[in-house]
Amino acid sequence: MSDNQLTELIERYLDGSMTAEERTQFELLRKNDVTVESRVTEHKQFMGLLKQYGERLELQKRLDAIHDEIDVHALKEEVTIHPVWVVRMWRHHHSKISVAASIAIFAILSTLFFTGKLNSHDSRFVELRDEVSRLKISNDQLKQTVNTRLINGAKTTKPKPVNPGNFRGTGFALSSNGYIVTNYHVVNGADSIYVQNAAGESFHSKVIYTEPQNDIAILEINDSTFKNLGAVPYNFKKSSTDLGENVFTFGYPGGEVVFGPGALTSATGYQGDTTEYQVSIPVNPGNSGGPLLDDKGNIIGIINGKQTRVAGAAFAVKSAYLLKAIQNIPADSLSKSLTLNNRNTLAGLSRPQQLKKLKNYVFMVKVYNQ
Amino acid sequence: MNKELKASAPTDSEIVLGILNNSEIVLKRLYTAYFPMILQLIINNNGNEDDAKDIYQEAIIVLYNKIKSGEFELSSKLKTYIYSVCRRLWLKRLSQMNRYGGDIRDFEEYLPVEDEVDNHNERDTQFSKMENALQLLGEPCKTIMEDFYIHNRSMQDICERFGYTNADNAKTQKYKCLQRLKKLFFQQK
Chain A
20 MSDNQLTELI
30 ERYLDGSMTA
40 EERTQFELLR
50 KNDVTVESRV
60 TEHKQFMGLL
70 KQYGERLELQ
80 KRLDAIHDEI
90 DVHALKEEVT
100 IHPVWVVRMW
110 RHHHSKISVA
120 ASIAIFAILS
130 TLFFTGKLNS
140 HDSRFVELRD
150 EVSRLKISND
160 QLKQTVNTRL
170 INGAKTTKPK
180 PVNPGNFRGT
190 GFALSSNGYI
200 VTNYHVVNGA
210 DSIYVQNAAG
220 ESFHSKVIYT
230 EPQNDIAILE
240 INDSTFKNLG
250 AVPYNFKKSS
260 TDLGENVFTF
270 GYPGGEVVFG
280 PGALTSATGY
290 QGDTTEYQVS
300 IPVNPGNSGG
310 PLLDDKGNII
320 GIINGKQTRV
330 AGAAFAVKSA
340 YLLKAIQNIP
350 ADSLSKSLTL
360 NNRNTLAGLS
370 RPQQLKKLKN
380 YVFMVKVYNQ
Chain B
225 MNKELKASAP
235 TDSEIVLGIL
245 NNSEIVLKRL
255 YTAYFPMILQ
265 LIINNNGNED
275 DAKDIYQEAI
285 IVLYNKIKSG
295 EFELSSKLKT
305 YIYSVCRRLW
315 LKRLSQMNRY
325 GGDIRDFEEY
335 LPVEDEVDNH
345 NERDTQFSKM
355 ENALQLLGEP
365 CKTIMEDFYI
375 HNRSMQDICE
385 RFGYTNADNA
395 KTQKYKCLQR
405 LKKLFFQQK
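If you're matching them up, the sequences are chains A and B in order.
Numbering follows the working numbering, with no gaps: position 43 of the first sequence is 62.
Numbering follows the working numbering, with no gaps: position 156 of the second sequence is 380.
Be aware that one or more of the hints could be misleading.
[Said to hold, decoys possible] Listed next, the stretches of chain B that the computed footprint assigns to chain A, with coverage defined by at least 3 CB atoms under 8 Å from CB atoms of chain A: (1) 251 to 259; (2) 265 to 273; (3) 279 to 286; (4) 295 to 304; (5) 346 to 360; (6) 366 to 378; (7) 382 to 395.
Calculated from the structure, these hints are not laboratory results.
All C-beta atoms, glycine included, are put in the ideal place defined by N, C-alpha and C.
The following block holds chain A by itself, in its conformation from the complex (with noise of 0.2 Å):
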């Protein structure tokens, strides 16, 4: 049987255009032949694809006959959503309005900056170690030959041929062996510290202990030029001070050791920090680390900051949580014994003789890091 036969056969049996004779002889082929059946689904699908494939094409026919009597340019310009006026305008001009917005923005800025608005007028607890950079040692060189100076008086004065150090902060020894106290954010993150003596020596140092908490660093000169400073002449207050005593300190805020008098005006620090006092003593960035003592010559506190834009309200570390600090101390972290002095040789002299004996003990702090 050719193909073509039973193509019709099929056709036939499909439409039912067979005898019952000729079906029934046909179905029997169909159970026994599986081609046979296979084709016949075959064809049945393919032709019903035909069909819907015919169907479909003049459903389409309809569709687009109807589509052409709609007026859709008119349809369409109803539909569209026209922006708002903003948005149409925007997107006109938009450049021109960059332009000017930018502009705009600028004057206002630069305004602001040239009338000294954009300074924030809080007043916030600032530490008192010094940054010394170049741009800022330069720029200070040029305000000076100007003559216009206005603040910053605890920038360095004179150009220092050696690298002065990235920070400064002021140190006093703690005992005659060489260990030194100074503030925690002077020595932080340092990679190596000098300290320098009145006489200009300067000695390498380590940190051997810290509290961050409390501001606190202990460092121990570790260098071979370094000979026993002799008896340290103050002793450590251990209990508090009381308010209106009149303190100073000392320590080194620019390239000479400088002075600061003052009195304890009140028992505790920044926002009511308890572990500090607040003095009113003129200190700048690089007083940070100085000793605050009292008329006597009682160290009674660490000077580690103060308060920008409020007159008088300086910051120290009490004594009490040095002397804490120094018997937190690990034993294997000390080389050499830290024996606190417990003998005053100031009490009794006059200030500028308790300076000129101070002299010898405090230390500028100088800090290098990358």
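With the hints as your guide, set chain B onto chain A.
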């Protein structure tokens, strides 16, 4: 014009009955009633009026076939159904063209109609295969196939049209054509 169309919008059951009865008028009313809605959707989402026509007609075909097959149940408004199908089709088309920016500006509420659209697309690919196969088949086979199988013309008519003297010759020709058509159709990937 829009208002006029809205006023004449047929009810949903009218449409279903009309389509089942092959009513040309109902089809036309259905078509004109909701076309503005879809035009609005497409035009305001990166399309033009030709896209709107394509998409809308596809949606109408989906609806038409669904009603014809008897599966359609009026569980939502026809308007919502048409809108949802169009929305889905248009999202698909947009992502094919890489023009889809991640959001679409909607004008109506819509239903999830993923399955229906997928079925429709599947069938569409079959139809385009068939169209290709018919094109490749060439004349006179194409016309013979269309006349006989789609338009249900008799063999007699076809004989006369193509000038076959013998009905048997015409029949043989027809089967040859069918054979080739099937081959062309199934060859396509």
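Hints, verified against the model:
1. 251 to 259: holds (count 5)
2. 265 to 273: It holds, with 3 qualifying residues against the three required.
3. 279 to 286: holds (count 3)
4. 295 to 304: This one is violated; 0 residues, fewer than the three required, reach chain A with a Cβ under 8 Å.
5. 346 to 360: Coverage by chain A holds for the stretch 346 to 360 of chain B (5 residues, Cβ < 8 Å).
6. 366 to 378: holds (count 5)
7. 382 to 395: Since three or more residues must qualify, the claim that chain A covers the stretch 382 to 395 of chain B is violated, with 1 doing so at under 8 Å.
When held up to the earlier numbered hints, the structure conflicts with 4, 7 and fits the remainder.
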